[in-house]
Amino acid sequence: MTDWNRMTLAGFRHRLADGELSPLDWWMACRERINAMDPSLQAWECLAPEPAIAGRDDGQPCPALYGVPVGIKDIIDTARMPTTWGTQGYHHVDGSDMDAAIVTQLIRLGALPMGKTVSTEYAYFQPSRTRNPHDPSRTPGGSSSGSAAAVAAGMVPVALGTQTVGSIIRPASYCGVVGFKPSHGTLSVAGVKALAPSLDTLGWFTRHMEDTRTLFTALTGSDPITPLEGLEGVRVGLCRVPSTPLPSPDTSAALEDAATRMVALGAHLSPVDLGESFDDLVTHQRVILAYEAARALASERARFEASMSPALIALLDEGQGISLGRYWQSRQAADRAKLALAQQFAERFDVLIAPSATGVALEGLESTGDPIYSRAWTLLGVPCINLPLHWTLQGLPVGVQLIADRYQDQRLLSIASALMP
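Residue 412 in full-length UniProt numbering sits at position 412 of the sequence shown; the count goes up by one each step and never skips.
Calculated from the structure, these hints are not laboratory results.
What follows is a set of in silico ranges between Cβ atoms, one per label pair, in the way DEER data are often shown:
(1) Ala298 with Pro421: 46 to 52 Å
(2) Ala253 with Asn5: 24 to 30 Å
(3) Pro421 with Ile313: 42 to 48 Å
(4) Thr392 with Val263: 19 to 25 Å
(5) Ser270 with Trp4: 37 to 43 Å
Every residue gets a Cβ at the ideal spot worked out from N, C-alpha and C, and that includes glycine.
Start from the sequences, fold in the hints, and give me the full structure.
Now the structure itself:
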């Protein structure tokens with residue numbers, strides 16, 4: 001019997017080539033698991049009909065993602081499935097005129113969209129109905145709630161997410177999966193609902209580090225990424241966190257465990273000072289988010305304000321009250337911080353290590369958790385990856401994130417692979 005949760009994308013491709021599996025086998029196995037689990041976890045907004053997929057007998061190699069089931073976050077346009085932008089139906093279309101660029105790209109690579117995964121409202125903070133697979137009484141995080149939960153529960157091997165604040169890294173930490181946010185602008189967001197365009201970043205969730213490397217190569221056209229076998233000579237910066245809130249003991253333990261593991265693999269650790277205080281960077285990120293969101297969602301507010309959550313209305317009101325000069329000040333501060341961080345990387349570090357979240361997934365579904373440990377990195381546009389390296393005695397995951405300089409995504413994935421083979 002095939003253990004689909006242990007299956008990697010490359011492993012599936014090899015078994016297809018050997019004739020051991022057919023192109024729809026993984027999709028059908030995932031659909032069976034969804035039918036069994038989603039009534040309680042509620043990770044899916046809608047499901048795609050069974051795909052028609054032709055066998056290949058032309059002697060040519062299969063596309064890189066041939067037959068791979070993929071979850072599509074419900075702020076990403078699809079022509080054959082409805083999109084609600086996480087609005088619980090008050091904003092709904094039966095199907096867009098065309099697929100988002102990333103969906104088209106996935107289909108051309110042979111992937112099979114499984115359906116639309118639940119998002120928070122316009123990818124902001126209003127909690128969704130999705131539950132954490134490790135403890136259904138807890139949040140899976142947000143805004144990519146359904147994508148993280150679906151991958152963690154084995155419903156799909158891959159799901160798309162977006163991050164404007166902490167919407168990939170925090171859910172990945174809470175759900176115990178790999179969550180990757182590339183350098184800002186690496187993947188096209190054409191057809192993805194904008195919240196704050198200078199921050200919005202498209203990424204994904206997987207259960208295996210190897211699958212994240214495979215996806216990056218397939219989606220970007222990069223050379224294959226060779227994982228490091230050790231970290232001898234790799235320079236690692238240990239990051240400070242904002243002054244409040246303090247990390248939980250579980251988060252501190254996860255960071256200490258990961259640092260110890262990196263040293264054992266040969267890495268050199270030293271503290272890093274970001275120059276501009278972390279707290280200032282968090283403030284600038286909030287200013288940019290609010291200013292841009294007020295403008296990106298102006299049409300939606302005009303039509304649906306009565307149905308919008310109080311949290312979203314408060315963000316839009318805040319953005320309307322921010323002057324252009326204040327917005328530009330924060331953009332300029334971000335530009336200075338990017339240059340200062342690039343200098344730190346050039347002179348002292350290959351990667352940074354930092355907490356992914358303030359603790360384990362929160363109890364209850366009233367909040368998706370605090371994204372404060374991701375705000376600065378999203379502002380700076382750097383690639384980040386959550387690694388599920390630590391689990392509490394209660395069986396809850398606590399991730400750590402590795403961060404590299406902009407456009408050093410391949411180096412980041414190579415180093416991360418040494419920690420999570």
